[in-house]
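Chains as they are written, first to last, in my numbering: chain A, 10 to 260; chain B, 31 to 284.
Note that these hints are calculated values from the structure, not bench results. There's no promise every hint is true.
[Said to hold, decoys possible] Residues from chain B that face chain A, not an exhaustive set, calculated with beta carbons under 7 Å: (1) Leu47; (2) Pro134; (3) Thr149; (4) Cys191; (5) Val254.
Ideal placement from N, C-alpha and C gives every residue a C-beta, glycine not left out.
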Amino acid sequence: MKAAKALVFPVVLIILAEIGARAGGPSDSVAPPSEIFATFLDALRDGSLLAATRDTLISAFAGLLVGAGLGLAVGLALGSIRTLDRLLELALELLRPVPSVAVIPIALVALGFGYSLEIAIVAVACFWPLLILSRAAVRGVEPRLIEVARALRLSPLQETLKIVAPAALPRIFVAFRLAAGVSLVVAVTVEIAVNPQGLGYEAMTAGQALRPALMLAYVAWIGVVGYALNVLLILAQHRLFGQAGRVEAAR
Amino acid sequence: MRALGWRLAGLAVVAALIALWGEIAALKLVSPVFLPTPARVWTALEHGFSQSDLGAKLVGTVSHMLGGWAAASIAGVALGALIGSSKAAREYIAPTLEFLRPLPASAVIPVAIALFGLTPQMALGVIAFGSIWPVLLAATRGFAAIEPRLVEVERVLGLTCWQGVVKISLPSAAPDILAGLRLGLTVSLILAVVCEMIAGLDGLGQWVLLAARAYKSADIFAGVALLGAIGVVANAGLSVVEARALRWRAPSAR
């Protein structure tokens, strides 16, 4: 019943779009949903859609791994060493508001077009959420667990690996999930802005070639990929962390 | 006093990092084509403002950002109020919104270009579309989560519908909405830069991309520094607004 109610609105919208687009006649900027779907199947069959999806996902994931890895390392360090955190606070406050896309020209000059450009920008964008949230996660570790570590005379490295990391892990995974969403968004944005490859570029070219059905098929597909990624990560979160993950997700 | 000490230490670290950057650039460990010295960036900033139209680009980016953000915020709060206060609307419309939310805002750029061409209207549409989501979802949540006793108070006092919204619902949803506004502002700056890059609109996005094409690294860094400054100022401004607007809340409730 609930699912049926959720479906009514989009179905009505699609029917209205179909009627509206057909009534308007042939157009260079819009297309009826039925035609978009047919074009989508064509692009799927000739492989161009999958190739573009692969390019986008490679860049997004590689950038995610680099950026999230670095962000996690710095975040853990700042979270556990209070002095370091205070010293770097101002520098990070000044750097963080620089929008990731503003780095595009710098990376463009240094790296040229291609995967490396996109990976670099995605990494910059994914660095910040991991840094901020893993720092907060480490600070949020139950103080009594830290006392246990002290009582057991664990070395700082052991303390981080055996006590802090497992305790902070559910919240760090939430940060990773957010960063994964960011990585796809930024990858597509870089493709639309400058980089000639992947889904974003294909959508731009289709639009410039006055093929609205193909363009809208790509845009819809980008939405589907983003949604699927989100659903997968939420499932993984519940799987891996069960109740702990759910509590964090609700916050 | 202690906090001031740490602040000064932080400042010293920033100065040290800039000095390190200067050393690396001066020793040409990284080619000067990619990495200008801080002094060259400073000269580029001064030169940009006095000889070139960097000031106009700054104004252009800020106005694109604020224009799109304002449109998105007003529409987002209004729609969020409508959807959040009605159970039926929540059941029918909210799932669709949740489905659309992960859609990268930049993905609508090709569609917007097809509809409006490379115009300022296109940029306004894209920025507004992109930055409406955080506000819309936050407002929906805020209006949906109003304490039932407050609604009863509203009934007892015999407030009209409009009074109820302004005096009870809006203040109650304000913390959520302000958080959404802050996220939306970040998104709008990013999209403003992207739109300026693609459509060649007057702004810092166009400035940095043209500088990259001409391999003028000092000009790129000057533009990026200004974009960072916009981000810092916008965030600080919203923090002030937030502190004032939420002053009535008890500190423990925050």
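Practice task
Classify the hint on Leu47 of chain B as holds or violated, based on whether any CB of chain A lies nearer than 7 Å to its CB.
Solution key: With Cβ-Cβ at 6 Å, under 7 Å, it holds.
Handout entry: Hint validity - Cys191 of chain B Cβ closer than 7 Å to any chain A Cβ
Key = 24 Å, violated
Exercise for the section: Go through the hint on Val254 of chain B and say holds or violated, using the shortest Cβ distance to chain A against 7 Å. Expected result: 5 Å, holds
Problem - Supplied contact hint for Pro134 of chain B, tested at 7 Å Cβ to chain A - result: 4 Å, holds
Handout entry: Residue hint Thr149 of chain B, partner chain A, criterion CB-CB below 7 Å
Key = Violated. Min distance 13 Å.
The structure fails to meet hints 3 and 4 from the earlier list, while all remaining hints are met.
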